[in-house]
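Dock chain B against chain A, hints included.
Protein chains in written order, with my numbering: chain A, 1 to 214; chain B, 1 to 426.
Everything labelled a hint here was simulated from the structure, so no lab data went into it.
A quick note: this is a predicted structure, and the numbers were derived from the prediction, not measured.
Hints are supplied without guarantee of correctness; some may be wrong.
[Said to hold, decoys possible] List time: in silico EDC-like cross-link candidates among lysine to aspartate or glutamate, alpha-carbon distance up to 16 Å:
{"#": "1", "chain 1": "A", "residue 1": "LYS169", "chain 2": "B", "residue 2": "ASP123"}
{"#": "2", "chain 1": "B", "residue 1": "LYS202", "chain 2": "B", "residue 2": "GLU223"}
{"#": "3", "chain 1": "A", "residue 1": "LYS186", "chain 2": "B", "residue 2": "GLU383"}
{"#": "4", "chain 1": "A", "residue 1": "LYS201", "chain 2": "B", "residue 2": "GLU373"}
[Unchecked claim] Label-pair distances were calculated between CB atoms; the ranges are:
{"#": "5", "chain 1": "A", "residue 1": "CYS192", "chain 2": "B", "residue 2": "SER416", "range": "56 to 62 Å"}
{"#": "6", "chain 1": "B", "residue 1": "ASN120", "chain 2": "A", "residue 2": "SER129", "range": "20 to 26 Å"}
{"#": "7", "chain 1": "B", "residue 1": "GLY237", "chain 2": "A", "residue 2": "LYS193", "range": "46 to 52 Å"}
{"#": "8", "chain 1": "B", "residue 1": "LYS202", "chain 2": "A", "residue 2": "LEU173", "range": "41 to 47 Å"}
{"#": "9", "chain 1": "B", "residue 1": "ARG241", "chain 2": "A", "residue 2": "ASP152", "range": "37 to 43 Å"}
{"#": "10", "chain 1": "A", "residue 1": "ILE33", "chain 2": "B", "residue 2": "GLN321", "range": "53 to 59 Å"}
{"#": "11", "chain 1": "B", "residue 1": "ASP227", "chain 2": "A", "residue 2": "PRO195", "range": "52 to 58 Å"}
{"#": "12", "chain 1": "A", "residue 1": "ILE33", "chain 2": "B", "residue 2": "PHE70", "range": "52 to 58 Å"}
{"#": "13", "chain 1": "A", "residue 1": "CYS188", "chain 2": "B", "residue 2": "LEU41", "range": "47 to 53 Å"}
{"#": "14", "chain 1": "A", "residue 1": "LYS193", "chain 2": "B", "residue 2": "LYS350", "range": "26 to 32 Å"}
{"#": "15", "chain 1": "A", "residue 1": "LYS169", "chain 2": "B", "residue 2": "GLY100", "range": "44 to 50 Å"}
Cβ atoms here follow ideal geometry from the backbone N, Cα and C, with glycine treated the same way.
Here are the chains, one letter per residue:
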Amino acid sequence: MFDLVRHSILFSFFIFLSSFVNADDRKFNLGKIATKTEIAGWNIDVRPDGMGAPKGSGDAIKGEEVYAEQCAACHGDFGEGVDRWPELVGGEGSLDTHDPVKTTGSYWPYASTMYDYIYRAMPFGVAQSLTHDETYQIVAYLLYMNEIIEEDFVLSEKNIGKIKMPNQKGFLLPDPRPDIANTDGKPCMENCKVPTKIIGKARDIDVTPEEEKS
Amino acid sequence: MKKNKKNQSLKLNRRELLVGSASLGAMAAASNSVFAKEVSLKNLPPNVPEWTGELGDGVDVNPYGMPSQFEENVIRRNVEWLTASSQSSVNFTPIQDLEGIVTPNGLCFERHHGGVSIINPKDYRLMINGLVDREMIFTLDDLKRFPQTNKFYFLECAANGGMEWKGSQLNGCQYTFGMVHNVQYTGVKLSDLIQETGLKPKAKWVLAEGSDSSGMTRSIPIEKLLDDCMIAWAMNGEALRSEQGYPARLVVPGWEGNMWVKWLRRLEFGDMPYMTREETSKYTDLLPEGNARMFTWVMDAKSVVTSPSPEKPILNKGVHQLRGLAWSGRGKISRVDVSLDGGKNWKTAKLHDPVLSKSVARFTFPFEWNGEELLIQSRAIDETNYIQPTIQELQKIRGVNSIYHNNSIATWLVNSDGKVDNVRLG
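Looking at chain A on its own, in the form it has when it is part of the complex (with noise of 0.2 Å):
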């Protein structure tokens, strides 16, 4: 029994070493492999079911303090959004309006692409510069903010993956292009019946660049 587990994991030793260093099934011996550390420093990609969260924790409580420290001068103390920057909380039952509002709250469907992209992108200019703890609190910050989470929810890689964000079943696949009727190559060529009223003109939305030369 020992020398049957002794072989097999000699076996699986060998397996281990011959992935790495046999360059046999390499068309063209290209490129290096790379190291656990060199990978880890860059896989910082966390998916809808959690993988890749990183170990960390926050809640809303601290998320406020972090938040209005690296977050509100652009998002607004409340996720309001300044000037053109986004807008981050609130939009519930705009979608379907004329005017919809697509937050964090009325649209994301997961609370991981939430974490993935503040780790990444935020703040914008300094990316990559917030640590995990404080990537927790400000997600879960803007949960509580759109009253998703409560206040004192401990935010963590172990639950990331498992916030059931109000519009995840609010998109549809697969694509269902091409979804008009035309499809057959043979357009009308002649006393076609279209609309040939002119209903309006960009001139008169008057929203065009005007060049600064003239």
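For chain B alone, coordinates are given in the frame of chain A:
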């Protein structure tokens, strides 16, 4: 007056603009006429032109040549009020000024999410990890030693024409169709590269990740990746421009530009999509019922008349050559029709060689103009027999809030004075 109007525009938010308001009054958009140089009679026959009687510059005055000074208005332009910052913004290719099918490198529109990264190619690394047999790192030199492929492809932003869903809003060919460019890429096919790393049977998706300040990420199904995707290091015969992802970017032929990750640093193979910010909160197409289409990757067939157009008024009566571009993410363009009466009657335009799969194609159509009003349209048909739709056909199914994938037929009104307007018919 002009300054006030500009301020007003900047204060309006995008939704108000999309709803549209005619209250600001009419103001002509800039046309190329403001840059027209005066004619010097002393240079015309029978006189000897001034440049003949003197020597010009010698070689090396411009070690890297630039366009003629008389072409200074052929530039990328942006719409400042569209975005909060120029580092996360877009500009537009001046397609109205271009000929043939090749977009010059310096005119290819830019779309950045965290500004332009400047990368020393010696510091460039591509990491491949996840469900592969060997997790590996490649240098740029490594990539260049793989078998090479050279292909023309168009790259179009999914939001090209996105401001036109509710009505004609921007009075320019450049602003309404200019988020497209077409260049020849040189690079390595992923199907070749992946032979080095091997793939686990469970690998179904790949996450492509940029090394820019936005860490741009998109999920791509493995069938597409191994079909025709490539990692390119050159465009139109020279190294990628920094703003196009130097030293290496992903090329995803026929699919929306956002997936063509620039400054590519990593490919991770997995068994499910990663649901990144770009493929969930952005680049999903909101429908009237409040739900949204996801993973709408392919760019459907589209065409545009580049001249005449709002920037290219008709200056003379008589014969003219209508010019335009057509492209399809599903393959080759098979035909382009042109209408001068708002879509009632159509004639087939001439398609110019080469007509390549997932590349723009050039079409022309001769016509005579005698001062009458025209409603100019073009309609592309691709090799799958897909016919470019009207805006009404798209609105009927998708409403007006989906932002992305507006491939509808546009209408240019040629006024009796030869000026051209972007108009909506209804």
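Hints, verified against the model:
| no. | hint | in the structure |
| --- | --- | --- |
| 1 | A:LYS169 / B:ASP123 | violated, 42 Å |
| 2 | B:LYS202 / B:GLU223 | holds, 13 Å |
| 3 | A:LYS186 / B:GLU383 | holds, 12 Å |
| 4 | A:LYS201 / B:GLU373 | holds, 15 Å |
| 5 | A:CYS192 / B:SER416: 56 to 62 Å | violated, 24 Å |
| 6 | B:ASN120 / A:SER129: 20 to 26 Å | holds, 22 Å |
| 7 | B:GLY237 / A:LYS193: 46 to 52 Å | holds, 48 Å |
| 8 | B:LYS202 / A:LEU173: 41 to 47 Å | violated, 20 Å |
| 9 | B:ARG241 / A:ASP152: 37 to 43 Å | violated, 50 Å |
| 10 | A:ILE33 / B:GLN321: 53 to 59 Å | holds, 58 Å |
| 11 | B:ASP227 / A:PRO195: 52 to 58 Å | violated, 40 Å |
| 12 | A:ILE33 / B:PHE70: 52 to 58 Å | holds, 55 Å |
| 13 | A:CYS188 / B:LEU41: 47 to 53 Å | holds, 51 Å |
| 14 | A:LYS193 / B:LYS350: 26 to 32 Å | holds, 27 Å |
| 15 | A:LYS169 / B:GLY100: 44 to 50 Å | holds, 47 Å |
Hint compliance for this structure: hints 1, 5, 8, 9, 11 are broken, all remaining hints hold.
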